[in-house]
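**Q** As a plain string of letters, each chain reads:
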Amino acid sequence: MVGQLNNREMKKIKNTKEAIDVFIDAATKHTTATLEGDYKTCNKNYDKMANVVDYLKKENALYELEDLLNSKNVGVRTCAAAYLISVDSVSKKCQSVLSEISHTEGIGILQFNAEMVLKEWECGRLKL
Amino acid sequence: MGVILKYGYFVDMISLGVLTYAPYLPKSSRIPFLRVEHVRTQTLNSEVAKIPIIVGRGFKSFNEFKRVMGSAGSGYAWLHIVEQTPANLAKFGPDRIHNTANLIRLPHGKGSIHAKVSGYYSSKQFFTQGKTVREWLSQYDYEFQYQFGINTLEKFGWTVK
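The listed protein sequences derive, respectively, from chains A and B. Mapping to this note's numbering: the first sequence position 11 is 11, numbers consecutive. Mapping to this note's numbering: the second sequence position 137 is 137, numbers consecutive.
I should point out that these hints are in silico values taken from the structure, not numbers from a laboratory. Do not rely on the hints blindly, as some may be mistaken.
Claimed, not checked - Covered by chain B, according to a simulated footprint, are these stretches of chain A (three or more residues, beta-carbon under 8 angstroms):
no., stretch
1, 41-51
2, 60-66
3, 70-78
Unchecked claim - Below 25 angstroms or equal to it, Euclidean Cα-Cα: the simulated DSS-like pairs (lysine-lysine) are:
no., chain 1, residue 1, chain 2, residue 2
4, A, K40, B, K131
5, A, K29, B, K66
6, B, K91, A, K44
7, A, K44, B, K66
8, B, K110, A, K40
9, A, K11, B, K131
10, A, K119, B, K131
11, A, K57, B, K131
12, B, K131, A, K12
13, B, K131, A, K29
14, B, K131, A, K127
15, A, K72, A, K93
16, B, K131, A, K58
17, A, K12, A, K58
Even glycine gets a Cβ: it sits at the ideal position worked out from N, Cα and C.
The shape of chain A in the complex, shown without the other chains (with noise of 0.2 angstroms):
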């Protein structure tokens, strides 16, 4: 999915170090705003992680965001998930991960968003 930041935003990423510290720092600023109803961060950092998506795609690297799954801010696994629920190899640990979300108190609408995530995956309508 192409990000819509314009040019002064879409910084180019240089490596996929880079992609990776670029989208961790996007999925926690981009929970935090969802958190909070700012959806403009919110917006932002989304069409961020976008980006970075496309990037690594590009790079044929899209598995390095595996680690996340294992990260300590559910964001930042919510994020992950989503993104990689679609491949094969890691999909089902990434199903288990946002269940996991999904059934977690005391998270607020953290906890309805990954359970959506998984409904709209589950009817075969989430293509990211």
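Use these hints to put chain B onto chain A, whose structure you have.
**A** For chain B alone, coordinates are given in the frame of chain A:
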């Protein structure tokens, strides 16, 4: 005449003459002069099921609703559970959107549940795939949007009083 309300029924509390509003009642109670419609809908679990809806009082516009029901009060605002977007108004009609069963009164302002829910509907989430939640939701029927709205409100901390 009348219906027995059960857990899981969506109910219009304004018609019951109380000042706080709830989408459902925790226990059964008999209420006269209300009508139940069983509507076939896709649930959030993507199953097709018939769910009971208590039909509230509808208005032709939000202004007419406020003229009759009053303002939400200082520091409060009315929130449409199924949003009053042009698409929803065209699809479902103003009577179902500006309906006592679809409007709740919430504290308003920065950091409020009202602001967080509105922000969430304008945000892009992974299950919406690049669309805003509002744009994504517009493909669904009234009952799906209603359930989604209630779930969202609850996840942002709204509780039935």
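**Q** Look at each hint and say if it fits the structure.
**A** Consistency of the hints with the structure:
1. 41-51: holds (count 5)
2. 60-66: violated (count 0)
3. 70-78: n = 1 at 8 angstroms, threshold three: violated.
4. K40/A / K131/B: 13 angstroms, holds
5. K29/A / K66/B: Cα-Cα ~38 angstroms, so violated.
6. K91/B / K44/A: Violated: K91/B and K44/A sit about 31 angstroms apart, past 25 angstroms.
7. K44/A / K66/B: At roughly 36 angstroms apart (the allowed maximum being 25 angstroms), K66/B and K44/A break the hint.
8. K110/B / K40/A: The given pair, whose Cα atoms are some 15 angstroms apart, holds under the 25 angstroms limit.
9. K11/A / K131/B: Given that 25 angstroms is the threshold and the Cα spacing comes to 22 angstroms, the pair holds.
10. K119/A / K131/B: 17 angstroms, holds
11. K57/A / K131/B: 21 angstroms, holds
12. K131/B / K12/A: 24 angstroms, holds
13. K131/B / K29/A: Judged against 25 angstroms, a Cα distance of about 18 angstroms means the pair holds.
14. K131/B / K127/A: It holds: about 13 angstroms lies between the C-alpha atoms, which stays within 25 angstroms.
15. K72/A / K93/A: Measuring from Cα to Cα gives roughly 16 angstroms; hence the hint holds.
16. K131/B / K58/A: Holds, at about 23 angstroms.
17. K12/A / K58/A: Holds - the C-alpha atoms of K58/A and K12/A are around 13 angstroms apart, at most 25 angstroms.
Checked against the numbered hints given earlier, the structure breaks hints 2, 3, 5, 6 and 7 and satisfies all the rest.
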